[in-house]
Amino acid sequence: MKPDLVIETRDLRKTFTVTRKAGRFRRTRHAIVAVDGVTLRVERGELLGYIGPNGAGKSTTLKMLTGVLMPSGGEVKVCGLVPVPQRRRLASQIGVVFGQRSQLWYDLPLRDSFELARHVWRVPAADHAARLARFRRDLDLDGFLDIPVRQLSLGQRMRGELTIALLHGPRVVFLDEPTIGLDVVSRQAVRSFLTELRDRGDTTVVLTTHDLADIERLCRRLIVIDHGRVVHDGTLAELHSRYGSRRRVLVELDEPLAESVALPGVERESVSAEGRLITFSLDGSSTTAGELVGWLASVASLRDISVQEPAIEDVVARLYASGR
Amino acid sequence: MAAQVRGHAAYRASFAFDLAGNALIPAIDLIAVVAMFQVTRVLGGFTAAEVLVMFGLSSSAFALGDLAVGNIERIRVYVRTGLLDAILVRPLSALGQLLAVDFTIRRVTRFLTGLTVLVLALAAASVDWNPARAAIIVVAVGSGAAFFGAVFVATATVSFWWIDSGEFANGFTYGGRDFTSYPVTVYSGLFRRVFAYGLGFAFVAYYPALGVFGRPDPLGLPGWMAWCTPVVAFLAAAVASVAWRYGIRHYRSTGS
Chain A
1 MKPDLVIETR
11 DLRKTFTVTR
21 KAGRFRRTRH
31 AIVAVDGVTL
41 RVERGELLGY
51 IGPNGAGKST
61 TLKMLTGVLM
71 PSGGEVKVCG
81 LVPVPQRRRL
91 ASQIGVVFGQ
101 RSQLWYDLPL
111 RDSFELARHV
121 WRVPAADHAA
131 RLARFRRDLD
141 LDGFLDIPVR
151 QLSLGQRMRG
161 ELTIALLHGP
171 RVVFLDEPTI
181 GLDVVSRQAV
191 RSFLTELRDR
201 GDTTVVLTTH
211 DLADIERLCR
221 RLIVIDHGRV
231 VHDGTLAELH
241 SRYGSRRRVL
251 VELDEPLAES
261 VALPGVERES
271 VSAEGRLITF
281 SLDGSSTTAG
291 ELVGWLASVA
301 SLRDISVQEP
311 AIEDVVARLY
321 ASGR
Chain B
1 MAAQVRGHAA
11 YRASFAFDLA
21 GNALIPAIDL
31 IAVVAMFQVT
41 RVLGGFTAAE
51 VLVMFGLSSS
61 AFALGDLAVG
71 NIERIRVYVR
81 TGLLDAILVR
91 PLSALGQLLA
101 VDFTIRRVTR
111 FLTGLTVLVL
121 ALAAASVDWN
131 PARAAIIVVA
141 VGSGAAFFGA
151 VFVATATVSF
161 WWIDSGEFAN
171 GFTYGGRDFT
181 SYPVTVYSGL
191 FRRVFAYGLG
201 FAFVAYYPAL
211 GVFGRPDPLG
221 LPGWMAWCTP
231 VVAFLAAAVA
241 SVAWRYGIRH
251 YRSTGS
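Protein sequences appear in the order of chains A and B. Residue numbers for the first sequence follow the numbering used here, beginning at 1 and rising by one. Residue numbers for the second sequence follow the numbering used here, beginning at 1 and rising by one.
These are calculated hints, taken from the structure and not from any lab test.
Just so you have them, the derived chain B footprint on chain A, three or more residues with Cβ under 8 Å:
id, segment
1, 68 to 79
2, 93 to 104
Here are the computed distance ranges between Cβ atoms for each label pair:
id, chain 1, residue 1, chain 2, residue 2, range
3, B, L190, A, G169, 57 to 63 Å
4, A, P85, B, I25, 37 to 43 Å
5, A, G169, B, Y246, 29 to 35 Å
6, A, R318, B, A238, 55 to 61 Å
7, A, E75, B, N170, 39 to 45 Å
Beta carbons: idealized from backbone N, C-alpha and C, even for Gly.
Work the whole structure out from these sequences, hints included.
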């Protein structure tokens with residue numbers, strides 16, 4: 001194992017047996033494969049987006065990586081440790097935010113939760129104070145440090161969760177839907193905090209989310225899973241090119257275009273207003289938008305142009321649908 | 001932990017009622033034993049005072065074990081709601097955290113009632129005291145508590161597979177306490193063999209009591225059985241610890 005390889009799994013599986021009602025007293029047992037052979041390698045400092053539809057196996061994978069669930073098969077190592085037998089040693093090296101399961105003490109003010117966490121994770125007082133000061137500034141915690149957790153708003157609580165997950169200086173943090181249900185302002189606060197964390201480069205972050213804007217802003221690498229299998233592992237751009245999502249260039253011309261377009265990878269998608277309003281689509285690899293506009297400017301007089309970025313929603317929707 | 005006690009103490013009236021209520025719970029069981037002796041003078045070959053010694057031993061040991069680990073029953077809530085996730089990602093023992101989170105001092109009065117019954121019954125039973133017999137009492141209560149603690153943990157692990165297992169667990173914990181409150185000679189056949197010897201409940205109160213009275217076992221086992229409670233407790237703790245480790249690996253969490 002390379003020293004800076006933080007997460008390594010091979011053919012990781014999890015199967016649940018569920019019993020279903022079949023008739024009044026009979027029950028039938030079914031095996032449900034939640035995670036079906038996931039192989040991952042994550043290096044130090046990566047911010048990995050782990051996405052997939054509901055029930056795809058995202059949370060189950062995270063729970064196996066954190067030592068909460070025992071894998072049914074395959075191998076898994078996080079920070080060089082095997083999560084289930086070495087759960088307690090691993091716990092001191094990772095931080096976790098499970099959106100629905102709070103790590104905070106419900107009846108205590110945030111300040112006391114942080115103080116308890118210092119003892120639970122055995123953090124030296126100086127380190128604790130330094131990190132807490134940083135989070136108080138970056139996450140703007142000062143306004144609600146003395147309010148019991150149960151009285152906090154969701155946005156405030158989530159900022160508290162992020163703090164407690166990072167107070168012991170973990171090497172990896174697992175964030176399971178950290179922006180779920182947050183308003184725009186809190187969401188921005190969480191995102192910019194994570195951006196800063198990523199840019200520091202010493203903490204590995206694994207993020208699951210349904211908010212694709214999170215992914216566009218934060219993640220350089222994206223893993224899409226569906227039905228327990230990895231269907232994409234790469235950058236966002238690779239996802240777009242692989243699933244044929246296209247940038248569009250809308251141009252408005254003074255006169256209809258006389259010549260046909262002979263640039264590779266450019267298609268004329270639609271023409272309207274007697275040939276003066278044209279939408280081109282680019283496949284993203286052969287011709288750039290700049291080249292297209294340059295060529296157009298040389299053959300016609302341009303009145304207006306706009307470029308539409310491919311929407312990640314479309315790609316992901318197509319991806320989820322194709323898996324079914 | 002200290003915060004927990006402070007938390008309880010904050011609601012003084014409720015705390016006082018709880019203490020009183022917990023003191024009464026063994027007293028109600030005591031009435032059942034006393035009522036039994038209104039009908040008969042001898043039960044399974046033992047007098048009222050002798051049976052009450054067993055009752056006192058059993059209920060002090062149980063109350064002490066219950067005080068320490070009884071709140072493990074709450075595991076069901078943690079398993080069903082998936083709250084155990086949050087516990088498992090902290091670098092502490094999961095069992096230790098569960099016990100500390102819900103620790104409640106309220107049950108201390110149950111132990112005090114049990115102890116009172118034990119002392120009074122010992123006085124009434126005209127025991128021929130020597131240091132060894134006094135030691136048997138102390139050892140029996142301590143290791144009986146450990147034994148009941150192990151039973152609590154072992155039965156609680158069942159909830160990892162079978163979430164609605166409260167009554168099953170109660171059968172062994174509270175059922176075990178009721179079983180040990182009477183001499184095993186009142187039971188018979190397979191039931192006695194399984195509970196008293198197979199599961200070790202005879203060693204909580206019956207054999208220590210025989211040792212204190214200096215009586216031979218009507219069932220023919222030797223006198224040093226009175227000293228076997230720690231061994232039985234140790235075995236039970238070993239079984240409970242294996243069951244717990246096995247259970248926690250079968251935790252399924254909940255969808256989220």
